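Enquirer: So you can see what is in the structure, the chains are spelled out below.
Protein chains: 2
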Amino acid sequence: MRRLSLPRTFIMTASILAFVLVLQSLIAPFHFSSQAQTQNWEEKFRALPRADLLREYMRVLSAEPHHLGSAQDKKNAEWMRDKLNSWGLQATIEEYQVLFPTPKERVLELLAPTKFTATLKEPPVAEDPDSTDQNQLPTYNAYAADGDVTAPLVYVNYGIPADYEQLERMGVSVKGKIVIARYGASWRGIKPKVAYEHGAIGCLIYSDPKEDGYYQGDVYPQGPYRNETGVQRGSVMDMPIHPGDPLTPGIGATKDAKRLAREDAKTILKIPVLPISYGDALPLLRQLRGAVVPDAWRGALPLTYHVGGNDDVKVHLKLSFNWTQATTYNVIARIAGSTYPDEWIIRGNHHDAWVNGADDPVSGMCSVLEEARAFGELLKQGWRPKRTMIFCAWDGEEQGLLGSTEWVEHHAEELKQKAVAYINTDSTGKGMLGMSGSHTLERFINDVARAVPDPKGKGSAWEIVKAARERGATTDEAKRELRERADLRIGALGSGSDYTAFIDHLGIASLNLGFGGESGGGIYHSIYDSFHWYTKFSDGDFTHTRALAQVAGTAMMRLADADILPFEFTNFVETVDRYAEDVTRLAAVSKPTIPVDLKPLRDAIEKLRRSADSYDRGLRTSALSNRKEADLKALNRLLYQSERKLLSDAGLPRRDWFKHQIYAPGFYTGYGVKTLPGVREALEQKYWEEASTQARIIGKTLDAMSEQIQAAASKLLNR
Amino acid sequence: MRRLSLPRTFIMTASILAFVLVLQSLIAPFHFSSQAQTQNWEEKFRALPRADLLREYMRVLSAEPHHLGSAQDKKNAEWMRDKLNSWGLQATIEEYQVLFPTPKERVLELLAPTKFTATLKEPPVAEDPDSTDQNQLPTYNAYAADGDVTAPLVYVNYGIPADYEQLERMGVSVKGKIVIARYGASWRGIKPKVAYEHGAIGCLIYSDPKEDGYYQGDVYPQGPYRNETGVQRGSVMDMPIHPGDPLTPGIGATKDAKRLAREDAKTILKIPVLPISYGDALPLLRQLRGAVVPDAWRGALPLTYHVGGNDDVKVHLKLSFNWTQATTYNVIARIAGSTYPDEWIIRGNHHDAWVNGADDPVSGMCSVLEEARAFGELLKQGWRPKRTMIFCAWDGEEQGLLGSTEWVEHHAEELKQKAVAYINTDSTGKGMLGMSGSHTLERFINDVARAVPDPKGKGSAWEIVKAARERGATTDEAKRELRERADLRIGALGSGSDYTAFIDHLGIASLNLGFGGESGGGIYHSIYDSFHWYTKFSDGDFTHTRALAQVAGTAMMRLADADILPFEFTNFVETVDRYAEDVTRLAAVSKPTIPVDLKPLRDAIEKLRRSADSYDRGLRTSALSNRKEADLKALNRLLYQSERKLLSDAGLPRRDWFKHQIYAPGFYTGYGVKTLPGVREALEQKYWEEASTQARIIGKTLDAMSEQIQAAASKLLNR
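Just so you know, the sequences run in chain order P and D.
Once you know that position 103 of the first sequence is 102 in numbering that gives the first Met the number 0, the rest is easy, because the numbers rise by one and skip nothing.
Once you know that position 419 of the second sequence is 418 in numbering that gives the first Met the number 0, the rest is easy, because the numbers rise by one and skip nothing.
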């Protein structure tokens, strides 16, 4: 663009843009997008995000408790809608009606051998004005069952399946007992689910100071870590079955949607569950007798940890909930695309919090807002994206990704056609850039990270991550890879945030971005997640939040403006091949009693590799010079639809809502990703026949993707 | 003996014994001792120790606090003397006058930022009647300096030199500050010594629950571990310089011995030092700010550990002591040898405790008493040892090995001539046999352990140790050695008990024996080391204590009756060679700035190997048939004097009392042994020239031993 000396404020219409594109392609080798022109706008874009505005958004949005169903939640949505409209985007609020239980009664008592009544309260902290706010949601786990139980208590460590194997070796049963598990090692919802499967009649989950308290560092307000009264609220809905409204699986929870009866909902738990602070847990754990726990089960409370189960300990847990409907207010803002208005680049973060939620979710929400404002500025300067950009502020995420899931289910048909990619954030902090997502976008997001300066001013965001990984690499193999591989590996997506419905249910390539690692955290889902905490201990000067806006905005812009969408498949194949090696090893060590046939998977990967290579060759040798708009459109459709090919309509065994065959949250880990989940979980559960069946299914989905990529390659090569 | 059908009660005089010996040698190949005869008496001996009597000794001896200088200490000595005499031994009490400070004033306060006064008290425990005893010695560290200091506090982890290197890297100085160190990783006396060397003006030592409290297991009285009020008393005398009375180094502290002025004593500390419970430490540690400590420095108290040093924390420590003389009452009991009355086999355990001391030292003392009673029984049955047996109950061990050291120094000339070996115990418990000592006795003590059934009834004591080591072996090398090496390795002796003067000062081959490993301990040097604790949590049925009496008594008997003393040198050479490899590696990694010459050490080892082999050959091929009593006596003298050759008159650098060149307690580790200490510690301190000098000195001592062994071999081979 600079070579053409177009004035900066030149108003480009779609046709002029096409003209520039052609010119550009005549004088430069192939690029994903019209680079020089995009770079110019990109640089303008990256100069726009402002720390002072980010801070102001946070101040406003975290000023009061604003959980789903609260007055402030709706106010925040309206404030954002109005802001977005004022910046020149088209913003509306879309509503769904979801089941949202709130506590009616919460009692936790030790009845014997001594008496103790749990406080179940987070007291105010003098220096934090928000800690005295009205309308704080009490400490509880949403979608736990009503219940009134009295029983002995058993300490089950993290409460994951391996812990019950250990208990069995120790001869301890939880049948008819209440279990107490510490947070960590799995998503919280797994703990009561597994406890219930083993016969427990109640479940307490507490934050042990080993993982989440003074063992990690100074506690709030002296330091950022969880103090003895801090409680981690959270949903325990059985999300590995499906997220979203428990009463409307697979469909949008519109007012008149057909709903399940509550007793038929699969994702509501069967036993009462309550999260407590370590201050409340200590008097209970002190009473436990029985065997001393294995070393790895020890927390950092000042006592000798025992498994308990002794009959002289009587714990009374009584919970009841208001099982009412609430309205989710999703704010949806658009910038219509100039050339491909029906290709959507979607960006989102949730806006609802458990309490004030300055960190979770407001920090990430601020970035999305500031990206939107910056694009509004560019619009005023004459820029317009080729594709449609959609900015989303989701509601009801904390309860089970309600807002995003219902929206995705409601708009499923349109999204299947139009969604190019979804970029999520859910909180951001101090530290360095974290990147995870679809590996078809791995190279793309690496390139984006190379283009954005790290907020610490010592190189690009990418260079900082690379340097940190080099410092952390312990094996020769890891060091070699960091030296030789062009791109940094990105993590696979499990669950735990709003990308879930996009990628797992609809096969929309997704990314999750955020800065972090240096904040030190211990206020997660407590009243202490406040503006005071965030500005004192996390990204207080908002430089990292600004950098996130620059990274995510750059990604949005490149996706929106690319001539050929920046999907790439060689990294994807290489990654899937590693997953296949993993499950092959797992099959070997699991000692199946009948042969497990993973050959269809292996064969499909080889085929996929050939397709990926041929698309890669096409990209490197082809030029845009004589390409027509229609050809590009067809090519791009093949590219962004490729992730759809990774779905199987039937879904995963025992949870058909999850259709993606490469990534899924673990059935027994929750947030934690399971790659090639069909095969991997079959092996873990020793369903040998199912493992072979699932290998065939994954093979088929990979074959379908191969064909799609081959078709794209042909379009590139045989013009 | 059975073959000769001698009646069991046959009274053997020395001459008859000699006759039997000759007969025996005519019909059997060579043995260390007249085996069949000894075995018969050995079996009789091993049948004698009784659990009920062991329990009764403990009840009596631990009934009241009986520290050095207390009325009960003297009463216990007299009770033992009378018992020993009643059993047919000749027992007397030998007295020394030693400097023994006791607390006059102890104050520990936090003055700012909040006020707290340390309790410095161990409250009674309802179920333990002894915990209410009168005359308990207060909690303190003996030989700390008087002092009255107020300063900020610095947490120094274990307070060993490496911790100060870490503090320096963190930019933290202890100059003018009070340090607080946790017990562990070194002998306690090292902590204030190193603190003083770094400029600290006071030192607190506390028992962190990580090493010594609820992190290890249930605390007293629920379990055996240290509770929040338990304090570890103990001496902080600078024992790596020399043990024993600080005012009479090198000579017996008889009434009229020439004494140093107190200010000239080298082993009294220069700063006040106080041990405290974790209950008292918690309010202090809570106030510390500054950097959060490295992971390895974290204890198990419910707080975030900081290094501190912040000026707003003011700790006041005030200590003053009664610097008075006390009398040690050593009980010394003899059974005169029939053939070689001037060859002494010595057995000992201390009898003084910090408070009631059921475990430390009474448990071990009970074993020694019961051994003595059993030998008294054998005497009545007609047995008599060829060599003189001496049974010792030492006093003042806790303050700095006072009783044993003064006795050894006082009788040094006679001991140099007559002492064959010293066998020590200092407490015993549940678990398996622990063996350490001079490697010239390694094979011998292995053979003894093979002969005694383990109290758990699943093989010999030796087999149980071997099986445990096999289970614990993690490297292929360790597993191979356990398979292939005939003998189990025994540990080298550092310090911390009454063998020190015997082996380190006089070169008397020594062993240290005791059962342990399963008791779980947390009452060490506290008022809770009581009969109640011991019988509830340690060897409550006294089966292990009885087994110890069987092991140690068998060893005593074999040493006393052996025709040729069971010293053996091939294991010794192999072990010293390993030590030499160690220091060679250490020299390589220490990167000396001038060449360090270890060749004299290597050469001496090769020479020693040849002598050891030739003595071994001699043993295997020679017969006793035509040997005269005088020849045997000369041979045995060469053997038991061989350990003397390992001394250097000049002693170790900067601590000439320690004369042994192979074993010494570490100058900066305390109890922990340093092998080849002259070279090893020179390398550690980077005294490169000294390392070479010391290698020459060790070489010379090994050469002297080679000659001695060669002379013994010649006696065997050239009859």
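Keep in mind that a hint or two might mislead.
Copies of the same chain look alike in the list, so a pair counts if it fits in one copy or across any two.
Stated by the list, open to error - Here are the simulated BS3-like pairs of lysine-lysine, each with C-alpha atoms no more than 30 angstroms apart in a straight line:
no.	residue 1	residue 2
1	Lys73	Lys590
2	Lys457	Lys114
3	Lys313	Lys632
4	Lys174	Lys103
5	Lys598	Lys379
6	Lys627	Lys685
7	Lys535	Lys114
8	Lys73	Lys254
9	Lys415	Lys457
10	Lys254	Lys598
11	Lys313	Lys535
12	Lys120	Lys699
13	Lys313	Lys606
14	Lys114	Lys209
15	Lys114	Lys82
16	Lys590	Lys74
17	Lys73	Lys627
18	Lys74	Lys598
Think of the hints as simulated: they come from the structure by calculation, not from any bench.
These figures come from a predicted structure and were not determined experimentally.
Enquirer: So which of the earlier hints does this model not fit?
Expert: 1, 2, 3, 5, 6, 9, 10, 12, 13, 15, 16, 17 and 18
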